[in-house]
Amino acid sequence: MTGRGVWFWIGAALFIALAVALALVVRNEYVFFAGFVILQFIVLATAWNILGGYAGYVNFGTSAFFGIGVYTAIFLLKAFSAPLLVQIGVAAVVGAAMGLGIGLLTLRLRGIFFSIATVAITIIAETLIINWKFVGGATGVQMLRPPVTPPFDSYIKMLFVVLAILVVIAVALARYVQDSKLGRGLRAVRDDEVAAESCGVPTLNLKLVACAISGALMCAAGAPSAMYLQFADPVSAFNLNYSVSALAMSLIGGTSHWIGPVLGAILLGSTQQLLTVTISSEINVLVLGLMLVLFVVAAPEGIIGLVRRLWRRVGKGSP
Amino acid sequence: MNSARIGRRTIIAGALATGAALPAMAQQGPIKIGMSMPLTGGLAAGGKSALIGIEVWRDDINEKGGLLGRKVELIVYDDKSSAAETPAIYSKLLDVDKVDLLFAPYATVPTAPIMPLVKQRDLLLMGNFSFQVNRTVKHDKWFNNAPWGPADSWARGFIDLGMKSGAKTMALIGADQEFAQNLMKIAKDVANEKGVKVVYEQSYPPATVEFSAMVRAIRAARADMVFVCSYPPDSVGLLRAINEIGIGDSVKLFGGGMVGLQFAAVMESMGSLLNGVVNYNSWLPEKSMEFAGTKEFFAKYQKRAVEAKVDPLGYYLAPFGYAMGQMVEQAANSAKSLDQKKMADFLRSNEMATIVGPIAFGPDGERKESATLMAQFRGVVDKNVEQFRNPGKQIILFPEKWKTGELVAPFDKARK
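First to last, the sequence lines map onto chains X and V.
Take any residue in the first sequence, note its place counting from 1, add 4, and you have its number in the working numbering.
Take any residue in the second sequence, note its place counting from 1, add 1, and you have its number in the working numbering.
Extracted from the complex, chain V is given alone in its bound form (with noise of 0.2 Å):
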């Protein structure tokens, strides 16, 4: 009797046992981390090198033990640079593989359909690159790992450099595009504000390729500095024409938000046509821009890279991928678990320190302060990839806690 008693007992306990022990054992599963990111299509050379990034991390991050003791998980979809997939992808994410946290895809335009989502479910998104994504949604829990900060510091790093060597007149150009019209917009309140008058502007169709007409145009109105909003192959074709009929000896500044001249294909393809353009870019193998953990990263990285056939440099993006999941494995550490809202509290009032520098939020999710470089190519030569990986081919002007050198102005005298 005494013995079945203890037998029952036993059972119980063993039953409560295993009971409390079952959610414990799900818990020891791995932490599973979901996003979509451009695969193919347009966005693709930058959603692939993006996601090497965030890979490397990974890998690094279960080495060392997991994040919380949990191996971490990627759960990767290709949106193919489409608004039109992504929802259905998030909500995947979320119903079907729930996901434990997320991270939003490369670019503005596959992001901004779900903003909206993560707003309604109040979750914690991780944002990768995208620009101003989160100004109408304001949700509270959106993080941008770029180095962009107050949607006006892009354009007005530019525009101080070019006023600091007497800059008066501004010519500003771009695409027809998302981005750059955003970008095109804001340079020109910064030179209303500052009293840089504007004497030439025009944006053209997205599949323009001849330039010519447009850089006599810029030419003919004698600007002091040009503002360039352009996309990959617009920047290549206007760089052509501008070394076929020049610019005129009146411009001190040329560049700003040229995309594509970041990128490593362009970089080499177009060689010393780069010379004296001074362009935005997040990152650069400069002195001023190793922290703790970059050149490890690039190592990594690179050899990566060059298997996958991605962006073998891969400055522009794939650190920012890393960071990302640094500032995560802060904010899970801090908060000692996945609460999204402890999460959310720790990043919005931490400075974090990533392999790219220091990165603090401001209210909006966006950085705090830019990190937005501009920098001037200088000396570079034809047909050679490898000349950027070493410092002194890309001069930092801004931000000045960066800063690697002076501007050489006029445009045509930094070309030589």
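Chain X with its partners taken away, still in its complex shape (with noise of 0.2 Å):
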């Protein structure tokens, strides 16, 4: 292991302890469900990233698998009263196979096309899902968690910690990939496909790895959600708002790295909490789309690209 890695592994196990620490000591609950909301959105920016970031290939389906993380955990309760971490584990498993099959539907197609074949994605799925009625259909449902796991005193602390170990995930992976023959591959087909296809990168099996390990993520990350909120209709589980969400913190943070979506997510889930418990009116989403506009004009590569240029500027010793 490198010098690097071993920091971040211990970065990684001192985030953890942090969140058992909140989660024991800590009474206020407020803390956890505002803090749920913005560690689900670093999920879902990392595994956004993996694709869309590393490939380059801008992804809308992030909502279609949320929500089938939400389904698969509501199936796995209503007919097996499956426990959350069995959840998380087959919503894995389910994401991971949905990203290869809609990988190999729609990998092939490249830029704009590829991006309005995932908005279908999205469309495709929640009609499935209103019209199965196991799962509550159209109506929605709504359930009831099972009893707490000690030493947890309350279920939103456990889904806190749970979440905050998903993020640990997720961030290992997207830096593993980041890092590896894979990533390099994915730089490769984000700069330029047909040139890497001739020098012998296995474009389509890369892309199609990126999208089975960020299906995956994603739909680990909309596990928890059902028993977050312990109510579903397909309406609110494949909003648009987490493709839009995902995209914009990765855009944010920056795309070349993997702490860019990590730094995007903190920075817009908490300003998007703070502003609904503030401004509270039509001028929270102006905030925030005054904010996209900002980073896209000024920073085009997002906190990373910003630091970097700034870290250039004091090396060059120039104002």
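For the record, the hints were derived by calculation from the structure and aren't laboratory data.
All values reported here derive from a predicted model rather than from experimental measurement.
Misleading hints may appear alongside valid ones.
Unchecked claim - Output of the computed footprint for chain V on chain X, the stretches with three or more beta carbons under 8 Å from beta carbons of chain V:
no., segment
1, 21-35
2, 147-157
3, 238-244
To be verified - Here are some chain X residues the structure puts well away from chain V; computed CB gaps all over 12 Å:
no., residue
4, 17
5, 79
6, 89
7, 115
8, 137
9, 142
10, 177
11, 184
12, 185
13, 205
14, 212
15, 232
16, 279
17, 312
18, 319
In this text, a Cβ means the ideal position worked out from N, Cα and C, and glycines have one as well.
Build the complex: two chains, separate frames, hints provided.
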């Protein structure tokens, strides 16, 4: 393990330890409700970035994967009373399979055509669930949580810690993909797919693997959300907001490094939570919109690009 | 020495008095009522109107000297019409803002995710026009202000009216969305129970705009009544298609669960196309629906609604927001405190006078008896929103106690 790797895992262990400590010490549950949403977006943005950032395939299907994750959990709970970890595990497998399947169908399309195809996936998935009465169909479904597992004294705290672990898994995977042969291949695809193919990069296979990993993480993020809300209806579960937010968070953070989506999700996620309980009107939508425009214009490579530029300037000693 | 002792005693007494006075003073702070409300997104039009109703109550009660002698303050956050937002908002209201009482947001979807939270913490929650949201959770401190009553009473009112006018068959049509599907299922069950044959049944995707094929199919099925569970855009689309194609002379009763026909903007734009439709409603400006305070409320509401550019009529939701406050007021006065258990006991076991009529709750926290109106549009002209302020434009056919006229059937005749 390289020096950087050691630091990464120390950081990850500290992060989980902090989450557990918070869950055991802090009594104010709002921290966990708001924190859950932010952590969920870190997983989604990181997952989105594996295909959208590294390979440059802009995917609007996040909500489809997320929603399927939600409904996988609901199905397992209703059919087998499955515990949370089983729900997340199975959702990840379903997501990976879905990623592979959808990848095979859509990844031969490029650019805007791929993006349009991914929008359709959400609509197809939502229509399927609307017509599946067992999981509530169009009317939605309310569930009661299974009892909380000790040492946690409330379910939301447990969900918060589970999500923190999921964040570490997602970020570790993204980091691995970025530094591996797979990541180099994906970057080649992003820069020039034809050139990469002609150099012997198995572009379709790489994209499929990326799509499967990304899908697995998105679905895995959806599963605990079912238990967070204890309610699901197709309109909420397949809300386009998940797709747009995951994309915006990655773009704002920067797509070239795994830390980008993490920073973007923390910044945008906490701003969203903050605006909801402060400005709380149409203006909060406007503030978010302005933030996006500002970043696209002033920092097209996101926070990472901005920091790199500043770093270079400082390095060169220029003002 | 003596004086020093007295001095010490005085100090101790003073300290004790201050200590005792502190909580008393804290109690003199405002009573905080927390809620989220859809102020943006698909449910915003309704949410804003409902909120004005609650705000009018707040101002009225503060003018009278407050609730239990304390000022009432509302803490409202926008839930963007989304279920995903409300758990965090309600936890903020409880854990950070430390509100004294909770009101639910308008509509079922944003309310559903907070039901487990209030049950877990055993809190009183006043519902705001959601539908059967307590079915799974079974919380004993939930009280819904909506007039729905028992789940099947809605469809029962409509089907009873149809059967009285000789209808034996029914067509069912509804959007593939939460509320519409709930209603459709119930309507089908009631029809089966009453021996009414369902001759046509169709769900359509929420974004449907073209209804001519469905209207033709209903016409071909020659149903005696048509129960429609639609949302505002489809309600409009359907009525336009019927106007163009015609629904056939067999139909005696048309409508039931069409959302949108209660909102001023839709009513104004549809105008005469509304005539004949028998649809659900919550409150209407008919003589039988005037209760103590109703008139004064609408005078205040309508002034604010125009300023805020919200539904200028506000019949559907706003008075029920006010009634929610009135019920809490009576419960708190009876309990002489904000003790949520005592308040819930009062709400469960008493009939309360409100500006929308007397309200009593059943064991599930829904109305003991349905007060959902079935009313028929009559003599509506085009492009005139003011006409709806007068009685006679929507004749109440059900429930019996508020009836203001008889059904005109068949549908084609009533449209003229």
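Is the coverage entry for the segment 147-157 of chain X by chain V consistent with the three-residue Cβ rule at 8 Å?
holds (count 3)
No chain V beta carbon within 12 Å of residue 115 of chain X's
With a cut-off of 12 Å, residue 115 of chain X remains clear of chain V, as the shortest Cβ separation is near 27 Å.
Minimum C-beta separation from residue 177 of chain X to chain V exceeding 12 Å: can you confirm that?
Nearest chain V Cβ is 25 Å from residue 177 of chain X, so the label holds.
Consistency of the no-contact label for residue 137 of chain X, given chain V and a CB cut of 12 Å:
Label violated. Min Cβ-Cβ 9 Å, cutoff 12 Å.
If I take the minimum Cβ distance from residue 184 of chain X to any residue of chain V, is it greater than 12 Å?
Non-interface label stands for residue 184 of chain X: nearest chain V Cβ at 34 Å, farther than 12 Å.
Since residue 17 of chain X was said not to touch the interface, does its Cβ keep a gap of more than 12 Å from each Cβ of chain V?
With a cut-off of 12 Å, residue 17 of chain X remains clear of chain V, as the shortest Cβ separation is near 27 Å.
If we take the beta carbon of residue 205 of chain X, is the closest beta carbon in chain V still more than 12 Å away?
Holds, because the least Cβ-Cβ distance between residue 205 of chain X and chain V comes to about 39 Å, which exceeds 12 Å.
Taking the closest pair, is the beta carbon of residue 79 of chain X still more than 12 Å from chain V?
holds, 17 Å
A cut-off of 12 Å on Cβ-Cβ distance, and residue 212 of chain X was said to be off the interface with chain V. Does that hold?
Consistent with the label, residue 212 of chain X stays out of reach of chain V, its closest Cβ about 31 Å off (over 12 Å).
12 Å Cβ clearance of residue 279 of chain X from chain V
The assertion about residue 279 of chain X is violated, with a minimum of 9 Å to chain V.
Given coverage of the segment 238-244 of chain X by chain V, checked by CB-CB distance under 8 Å (3 or more)
Coverage by chain V holds here, the residue count being 3 at a Cβ distance below 8 Å.
Is the nearest CB of chain V more than 12 Å from the CB of residue 232 of chain X?
Residue 232 of chain X is in fact no farther than 12 Å from some Cβ atom of chain V, at 7 Å.
The structure shown violates the earlier hints numbered 8, 9, 15, 16.
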